[in-house]
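**Student:** What follows is each chain in one-letter form.
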Amino acid sequence: MAAVSLRNVRKSYTSDLQVIHGVSMDIADGEFIVILGPSGCGKSTLLRMVAGLETITAGEITIGDRVVNNLEPKDRDIAMVFQNYALYPHMSVYDNMSYGLRIRGLSKEDISQRVKKAADILELSKFLDRKPRALSGGQRQRVAMGRAIVREPQVFLFDEPLSNLDAKLRVQMRGELQALHRRLGTTSLFVTHDQVEAMTLAQRMIVMNAGRAEQIGAPLEVYAKPATTFVAGFIGSPPMNLIPRDGKLLGIRPEHLEPCGEAEAMLSVQVDLIEPLGADTLVYGHIGDPGGNGGNGGAGARVAARLHASVDARTGRLPLRYDTGNVHWFDPASGKRIEG
Amino acid sequence: MEKRVVFRSAWLPYALVAPQIAITVVFFFWPAAQAVWYSFQLQDAFGLKTQFVGLQNFAALFKDGNYLDSFRVTAVFSALVAFIGIAISLLLAAMADRVLRGALAYKTLLVWPYAVAPAVAGVLWAFLFAPSIGIVTYVLKGFGVDWNWILDGDQAMLLIVIASVWKQISYNFLFFLAGLQSIPRSLIEAAAIDGAGPTRRFWTVVFPLLSPTTFFLLVVNVVYAFFDTFGVIDATTQGGPAQATQILVYKVYHDGVKAADLGSSSAQSVILMFIVIALTVVQFRFIERKVQY
Ligand SMILES: Nc1ncnc2c1ncn2[C@@H]1O[C@H](COP(=O)(O)OP(=O)(O)OP(=O)(O)O)[C@@H](O)[C@H]1O
Ligand SMILES: [Mg+2]
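In order, the protein sequences belong to chains U and E.
Just so you know, the first sequence maps onto residues 1 to 340 in my numbering.
Just so you know, the second sequence maps onto residues 341 to 633 in my numbering.
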């Protein structure tokens, strides 16, 4: 196991197209890091630079105490799980898992022992003789993980490994990944665009936007104190409401809004869409004409609120209040958080 | 969803396929049937009298040293053409696959030989390798090689192999390139992370995944060497010297047209027909189960 650090890492595919604009991060030995961001923001590119599948245009990546910029993937002591699993279709599960070990010249007994152990952990023992095409999506996913863990590498790299699974299996595999990490304690970098995956798996996460790290921190910390309007809007479902107020942006999460009497109203919303989810109900609408106590500005802004299922939600005017302790402020020009 | 045209008229569909069927009957079934018919007959030297002789023509063939020799020549020739053609085009495709940007230019250039008619290809190579005046002959002489395929059977064989391979490489190349490009990049990357170098990656991952393509091309190339190389041979060696390059299909032509032994020639073509049928069956069997691994 090893620590990983990225220092001002940049990537350009062509001279006029930079896709990673200087990302820095120190990852502690054994940490589980999630790289989160929308499609095309450069998550895979960043991961592939750590793997050695893309060259590093500028900056430095170290694994353990070695700078790996110029090392081949095979010399970096990493293992990677691909989104499409990338299993060798012509080899049995056993051969898939042992391929890397054979190349590294381990003894037959050693290989067989390691594969058996990994297969036990991943409940693949029954399938060792099968070809990948005779496995279900979830089983293939496990073989891909097995191929990574038999190598006992310093770092695991995952590029959206769960995105091809159905919703139920994804939840299950998420749990298994957590268990696996507790058991092996290997430093892991996990790329996803799914915020639930990120929130549940990450010890710390790095939220990326257009090739920049917008925020690095523990999931709940990122949730509680988004550093920019991008993070505020990306994390949370529905995302944080951003309402122009006094030349700044007021951020308030849908779950922090509650219905109230006209007299107490801090926002007055013209509800036009209701989504009952069972446990609670989402209502969406525009802020109406200034009115009520706090209705000083932001008319027309779109707002979502998460109401308890007991509230009888209807379209039309809905007065809402919030606790001022739950409010975030952002600078509209830079999008940065304003503390205080 | 299947899209089907339904005809209300009972005869119209038959009328529509009739021309195709007529062409097939006139140009394929009719001559094939004639060949089978002639193969049971013996004609006198002047073509005046014919006599039914049953399987005698076939029996005579398999006792004829020349014919068996032609079998051997064909086997050597098609093995060389298929193997060399496949090996070279695989190499070219693997190299073109690595250069993504120039791929189109490579493809276009490499496809040209396929458009050249076999006889033209034959003439072209015959000129290049012509004894005493050919440019390659001249260069070879510089290296101390005495090149004269008119006299040397092995050299004649080499010449028709080169000309035939050259014409077929583009076809093989396109299939290999398509095959290579359909292998997901992530597989190669996974193998690189697993520690395999380029050579090992090729032989343990890429080549096995290309095996369906390779097998398909093997059959196609053997068929090509058996039949489509007639033009190449006719334009260069004409089966010589001393039948060193007389493959089966050329011998059919030689015996039937030049030696006017219609019975034997027909019997030979019937045998060839069975070989084609066998190869086609192998190929269809294979296409039915597309994936091998
Ligand atoms: N080989 C390449 N050549 C040129 N541009 C590339 C290449 N690979 C990726 N890019 C560009 O780099 C940017 C980042 O791509 P990347 O694959 O890292 O995104 P991502 O965050 O992983 O997206 P997704 O969630 O869709 O997988 C994209 O704009 C993409 O078009
Ligand atoms: Mg990606």
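Don't read these hints as lab results, they were simulated from the structure.
Built from N, CA and C at the ideal position, the CB exists for glycine as well.
Be a bit skeptical, because a hint or two may be false.
Unchecked claim - Here are some of the chain U residues that sit facing chain E, going by a computed Cβ distance under 8 Å:
id, residue
1, P73
2, K74
3, A79
4, A86
5, P89
6, S92
7, R104
8, Y223
**Student:** Against each hint, give a clear statement of whether it holds in the structure.
**Tutor:** Structure-based check of all given hints:
{"no.": "1", "hint": "P73", "in the structure": "holds, 5 Å"}
{"no.": "2", "hint": "K74", "in the structure": "holds, 4 Å"}
{"no.": "3", "hint": "A79", "in the structure": "holds, 7 Å"}
{"no.": "4", "hint": "A86", "in the structure": "holds, 4 Å"}
{"no.": "5", "hint": "P89", "in the structure": "holds, 6 Å"}
{"no.": "6", "hint": "S92", "in the structure": "violated, 10 Å"}
{"no.": "7", "hint": "R104", "in the structure": "holds, 6 Å"}
{"no.": "8", "hint": "Y223", "in the structure": "violated, 33 Å"}
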